[in-house]
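**Student:** All chains, full assembly: derive it from the sequences and hints.
Number of protein chains: 2
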Amino acid sequence: MAEFRSDIEIARAASKKPIGEIGERLGIPGEHLLPYGHDKAKVSADFIDSLADRPDGKLILVTAISPTPAGEGKTTTTVGLGDGLSAIGKKTAICLREPSLGPNFGIKGGAAGGGMAQVVPMEDINLHFTGDFHAITTANNLLAALIDNHIHWGNELDIDVRRVTWRRVVDMNDRALRQIVSSLGGPANGYPRESGFDITVASEVMAILCLARDLRDLQRRLGNIVIGARRDKTPVFARDLKAEGPMTVLLRDAMMPNLVQTLEHTPAFVHGGPFANIAHGCNSVVATRAALKLADYVVTEAGFGADLGAEKFFDIKCRKAGLSPAAAVVVATVRALKMNGGVAKDQLGTENIGALQAGCANLGRHVENVQSFGVPVVVAINHFATDSLNEIEAIRNYCDALGVEAILCRHWAQGSDGTEELAHKVAEIAESGQAQFSPLYPDSMPLLEKIETVARSIYRAGEVTVPKPVLDDLARFEEQGYGKLPVCMAKTQYSFSADPKQLGAPTGHTLPVREVRLSAGAGFVVAVCGDIMTMPGLPRSPSSERIGLSENGDIEGLF
Amino acid sequence: MAEFRSDIEIARAASKKPIGEIGERLGIPGEHLLPYGHDKAKVSADFIDSLADRPDGKLILVTAISPTPAGEGKTTTTVGLGDGLSAIGKKTAICLREPSLGPNFGIKGGAAGGGMAQVVPMEDINLHFTGDFHAITTANNLLAALIDNHIHWGNELDIDVRRVTWRRVVDMNDRALRQIVSSLGGPANGYPRESGFDITVASEVMAILCLARDLRDLQRRLGNIVIGARRDKTPVFARDLKAEGPMTVLLRDAMMPNLVQTLEHTPAFVHGGPFANIAHGCNSVVATRAALKLADYVVTEAGFGADLGAEKFFDIKCRKAGLSPAAAVVVATVRALKMNGGVAKDQLGTENIGALQAGCANLGRHVENVQSFGVPVVVAINHFATDSLNEIEAIRNYCDALGVEAILCRHWAQGSDGTEELAHKVAEIAESGQAQFSPLYPDSMPLLEKIETVARSIYRAGEVTVPKPVLDDLARFEEQGYGKLPVCMAKTQYSFSADPKQLGAPTGHTLPVREVRLSAGAGFVVAVCGDIMTMPGLPRSPSSERIGLSENGDIEGLF
Numbered sequence: 001m002a003e004f005r006s007d008i009e010i011a012r013a014a015s016k017k018p019i020g021e022i023g024e025r026l027g028i029p030g031e032h033l034l035p036y037g038h039d040k041a042k043v044s045a046d047f048i049d050s051l052a053d054r055p056d057g058k059l060i061l062v063t064a065i066s067p068t069p070a071g072e073g074k075t076t077t078t079v080g081l082g083d084g085l086s087a088i089g090k091k092t093a094i095c096l097r098e099p100s101l102g103p104n105f106g107i108k109g110g111a112a113g114g115g116m117a118q119v120v121p122m123e124d125i126n127l128h129f130t131g132d133f134h135a136i137t138t139a140n141n142l143l144a145a146l147i148d149n150h151i152h153w154g155n156e157l158d159i160d161v162r163r164v165t166w167r168r169v170v171d172m173n174d175r176a177l178r179q180i181v182s183s184l185g186g187p188a189n190g191y192p193r194e195s196g197f198d199i200t201v202a203s204e205v206m207a208i209l210c211l212a213r214d215l216r217d218l219q220r221r222l223g224n225i226v227i228g229a230r231r232d233k234t235p236v237f238a239r240d241l242k243a244e245g246p247m248t249v250l251l252r253d254a255m256m257p258n259l260v261q262t263l264e265h266t267p268a269f270v271h272g273g274p275f276a277n278i279a280h281g282c283n284s285v286v287a288t289r290a291a292l293k294l295a296d297y298v299v300t301e302a303g304f305g306a307d308l309g310a311e312k313f314f315d316i317k318c319r320k321a322g323l324s325p326a327a328a329v330v331v332a333t334v335r336a337l338k339m340n341g342g343v344a345k346d347q348l349g350t351e352n353i354g355a356l357q358a359g360c361a362n363l364g365r366h367v368e369n370v371q372s373f374g375v376p377v378v379v380a381i382n383h384f385a386t387d388s389l390n391e392i393e394a395i396r397n398y399c400d401a402l403g404v405e406a407i408l409c410r411h412w413a414q415g416s417d418g419t420e421e422l423a424h425k426v427a428e429i430a431e432s433g434q435a436q437f438s439p440l441y442p443d444s445m446p447l448l449e450k451i452e453t454v455a456r457s458i459y460r461a462g463e464v465t466v467p468k469p470v471l472d473d474l475a476r477f478e479e480q481g482y483g484k485l486p487v488c489m490a491k492t493q494y495s496f497s498a499d500p501k502q503l504g505a506p507t508g509h510t511l512p513v514r515e516v517r518l519s520a521g522a523g524f525v526v527a528v529c530g531d532i533m534t535m536p537g538l539p540r541s542p543s544s545e546r547i548g549l550s551e552n553g554d555i556e557g558l559f
Numbered sequence: 001m002a003e004f005r006s007d008i009e010i011a012r013a014a015s016k017k018p019i020g021e022i023g024e025r026l027g028i029p030g031e032h033l034l035p036y037g038h039d040k041a042k043v044s045a046d047f048i049d050s051l052a053d054r055p056d057g058k059l060i061l062v063t064a065i066s067p068t069p070a071g072e073g074k075t076t077t078t079v080g081l082g083d084g085l086s087a088i089g090k091k092t093a094i095c096l097r098e099p100s101l102g103p104n105f106g107i108k109g110g111a112a113g114g115g116m117a118q119v120v121p122m123e124d125i126n127l128h129f130t131g132d133f134h135a136i137t138t139a140n141n142l143l144a145a146l147i148d149n150h151i152h153w154g155n156e157l158d159i160d161v162r163r164v165t166w167r168r169v170v171d172m173n174d175r176a177l178r179q180i181v182s183s184l185g186g187p188a189n190g191y192p193r194e195s196g197f198d199i200t201v202a203s204e205v206m207a208i209l210c211l212a213r214d215l216r217d218l219q220r221r222l223g224n225i226v227i228g229a230r231r232d233k234t235p236v237f238a239r240d241l242k243a244e245g246p247m248t249v250l251l252r253d254a255m256m257p258n259l260v261q262t263l264e265h266t267p268a269f270v271h272g273g274p275f276a277n278i279a280h281g282c283n284s285v286v287a288t289r290a291a292l293k294l295a296d297y298v299v300t301e302a303g304f305g306a307d308l309g310a311e312k313f314f315d316i317k318c319r320k321a322g323l324s325p326a327a328a329v330v331v332a333t334v335r336a337l338k339m340n341g342g343v344a345k346d347q348l349g350t351e352n353i354g355a356l357q358a359g360c361a362n363l364g365r366h367v368e369n370v371q372s373f374g375v376p377v378v379v380a381i382n383h384f385a386t387d388s389l390n391e392i393e394a395i396r397n398y399c400d401a402l403g404v405e406a407i408l409c410r411h412w413a414q415g416s417d418g419t420e421e422l423a424h425k426v427a428e429i430a431e432s433g434q435a436q437f438s439p440l441y442p443d444s445m446p447l448l449e450k451i452e453t454v455a456r457s458i459y460r461a462g463e464v465t466v467p468k469p470v471l472d473d474l475a476r477f478e479e480q481g482y483g484k485l486p487v488c489m490a491k492t493q494y495s496f497s498a499d500p501k502q503l504g505a506p507t508g509h510t511l512p513v514r515e516v517r518l519s520a521g522a523g524f525v526v527a528v529c530g531d532i533m534t535m536p537g538l539p540r541s542p543s544s545e546r547i548g549l550s551e552n553g554d555i556e557g558l559f
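Those sequence lines, one after another, are chains R and G. FYI, in UniProt numbering the residues of the first sequence are 1 to 559. FYI, in UniProt numbering the residues of the second sequence are 1 to 559.
Note that these hints are calculated values from the structure, not bench results. Watch out, some of these pointers could steer you wrong.
Claimed, not checked - If you anchor each label on the Cβ, the simulated ranges turn out as follows: (1) G/Gln436 - R/Arg546: 46 to 52 Å; (2) R/Ala188 - G/Gly30: 49 to 55 Å; (3) R/Asp554 - G/Ser372: 42 to 48 Å; (4) G/Gln436 - R/Pro29: 54 to 60 Å.
For glycine and all other residues, C-beta sits at the position ideal for the given N, C-alpha and C.
**Tutor:** Right under this line is the structure:
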């Protein structure tokens, strides 16, 4: 581009269409589109219910190589591909996650794509948006209040105060709340106990909202949440506190998918945003299913690299929602591949074919993994201005040898003009019907074997270590009837191994399973492999210090 | 009525007009009305700014006698009078507070009027509405996170961790959070300290949002918040943490007033909801000022009885916003007057003229107090089915002797048909121009004298006791330049005295000022007289247990 414009400048200059027109593109009648301002809307639950008998469009997953500080542009590519498919005449919708509000005030950044491949209104999407996360926060914390209230008034359920596992949440980076003692100050304030807060995206309520099919399923799943245990370790459920009803009422609007648009007016559902470590990292099932009924092509993404994001998308979301992806795009950049090949961040501007070729092992492993689910793959090389022609050629050669096509994409600079080739290729694969999706393991496999299967097949670990107390927990979960659930792996996103420093494509490493947690409402067992942060902190100089309103009332410093 | 219908049944059966039509009634162009669904909207800040040169309509305050468990119907009468004024041909708008979400799950009840005098959509207004309270919660808690983050990273401002007064908030009744120890778990989680949570309506951010004139004023006030002190007791401000910018960004949408409608389609601004004890208990200045520019009559209410609500409305809101009320309505009911006269709640169905006459002293005192601000008064007798004609006659006679008109109103059962007489009377007084509003005390009066003036003139206390440490605090506030602020009295709403059991019209009692707090951003000094609860708890059997979704997806049990 002749002149550099920041994402926010591009987003502000966008000529948005009224959201009613975006809804019309998908055939959503005005009375079923609940506007939030002129450029955001929710799609009514009644309308979505009415679509049940329609055929589904083609589902395309955008995933990526292992993330690095260089950035891969997964969301940007999802938007770019969506616009590309629209541009070649396909009726397309995009499905993305909603960004978390809290982290905006820590480190500069938003999550609505970038350059000419963005969803708008960017500021709203990155701030309160339509209030979904606030509703989730409230529902989560109502359950917490009901737990302490029950104990305060006599504890008829005999909840062991040392074994309450349900934590409160805020959508804020606030390390001071990670570990607290609550109910201090005497009898009027309840029984003191250790507790703490997570960030809202880590709430099981978030995962539940994103996996529930409708309000009834939501209410059932909320009731199934295990909030803690009695002294004999038998589980106490949210339904024992009659919490699922009011929580569902609080989430009624939040369950309706949000509709916005890309800079090129492709309809985009932005709905739900569970963590990609202790949860499954995908947008809501309700949004994806609605989009599939309304569009011929639905482009969606999953969190982190394909080892976490795609695996959970396939083994948790697709398995549970009965989805069958037609193709997958694995996003790579020259810069991130060079980092995976050992180059330091400040050296990324220099051509380095050797490091790039070494880093390609990471790409190859992810491609192979995704293919192992029966889903055909295209590689998208997300172009940066510093990329050399030799480097791009090296990736192409590597992919040729793998038997997979690598297509250079310039959507950041050019929008849909930069993804036309990718769009044609994706459409060709999707129409060919060559996808034969199946999850990695059957429901009937024991929980420990499921963990080992992911570790061996996807991470290529040599060994999985599981301490005795974790084995006991897994045995108890199976006794209690949770043996058929899929596993949700919580592992560093930076490496196939549990060590964030092992870049590239390590093999034979040891995966330590430190802890397992039952998310009985969401419907999975989390295997925690390494340190997982569920409440971030703010940095020494938080970006909040540079955020404010300008003279003309514009937001400054947020992005 | 032939058939009893609950408030929620009436609200659900309402034939709402599209919110665009309600906006049109006030001349708000479509592009400046930001819809939230089809029946709620925010009015854009730009449009409100454009109204500055228009003349103001007449401002009518609805206040009440001292509240009792029998209920007075202040909000219901505000709605009824608004509809009555509309019905007699006046261009009218209503201004109400937004209800708090948290208490809905404790004790059954909402706050959007009742019977045929309601604002709708009632469920939305009582739940998340347009997200204002969530934005306030988030802004409040961002400041809290920035405080602990600053201390964690070296505490350059030398904040005394024992003297941090800023607390976190949630919109939830959660006694377990009243008193906590945070930042436990080692160095990564910060410096442990005692802290706690209030309910969101108690946040100074709420008071600030409701008193700020525009976004610029909001940002300035947020910067002025005192979050705590250094060891030498010098104040530390939110602006020292550069918190006012991001807080303003979080509150940008929340600052825009919300527009809804009554059952009879009178436009209603429902915006802001500060506590009426530690804050001033009125809807936002932005909403009231916008309404005055757009309508010829604006009917608003203030929290609790006139001793708290009207006094603060006059001495804080009107003083600071330059508002000049044209008339006030003091709401009374036969039942509540009988309770003020000593009748127990289960005896209220029985005629009791003696008790009623005794209770009228409470009404008389409130009427006299309101008149002392130069505002002419009408008494509205909010009719209940159990009222006897003799009882109503007794109130009329009492008011005749006071020289004030008492008008029977049946808006609960009849809507505007039941307030026609009241509407005509209010319009007559307002048009007469007899109001000569002035606040109770001048800005220049010392803080202690302001407290004593309210205590003597409004509460009729014989003595005001102020312990030495409180006197020292007041002296320090004056030294620091806060001497010109008005005082915000935090006292029980049930009595003119600080003892909730002294009903009627006690005199000569002692008002104990236990504590004073500086709300430097809101712009008042709170005088705490007695126990003030800033975080409610849930009852033994919370109403949440009966809340859920019915088979057809309706909310059950919420109201």
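**Student:** Work down the list of hints and note, for each, if the structure agrees.
**Tutor:** These are the hints, each one checked on the structure:
A hinted range of 46 to 52 Å for the beta carbons of G/Gln436 and R/Arg546 is consistent with their spacing of about 49 Å. Taking the beta carbon of each, R/Ala188 and G/Gly30 are about 51 Å apart, inside 49 to 55 Å as hinted. R/Asp554 and G/Ser372 have their C-beta atoms about 47 Å apart, which keeps the hinted 42 to 48 Å range intact. Checking the proposed 54 to 60 Å range against G/Gln436 and R/Pro29 shows it holds: the Cβ atoms sit about 56 Å from each other.
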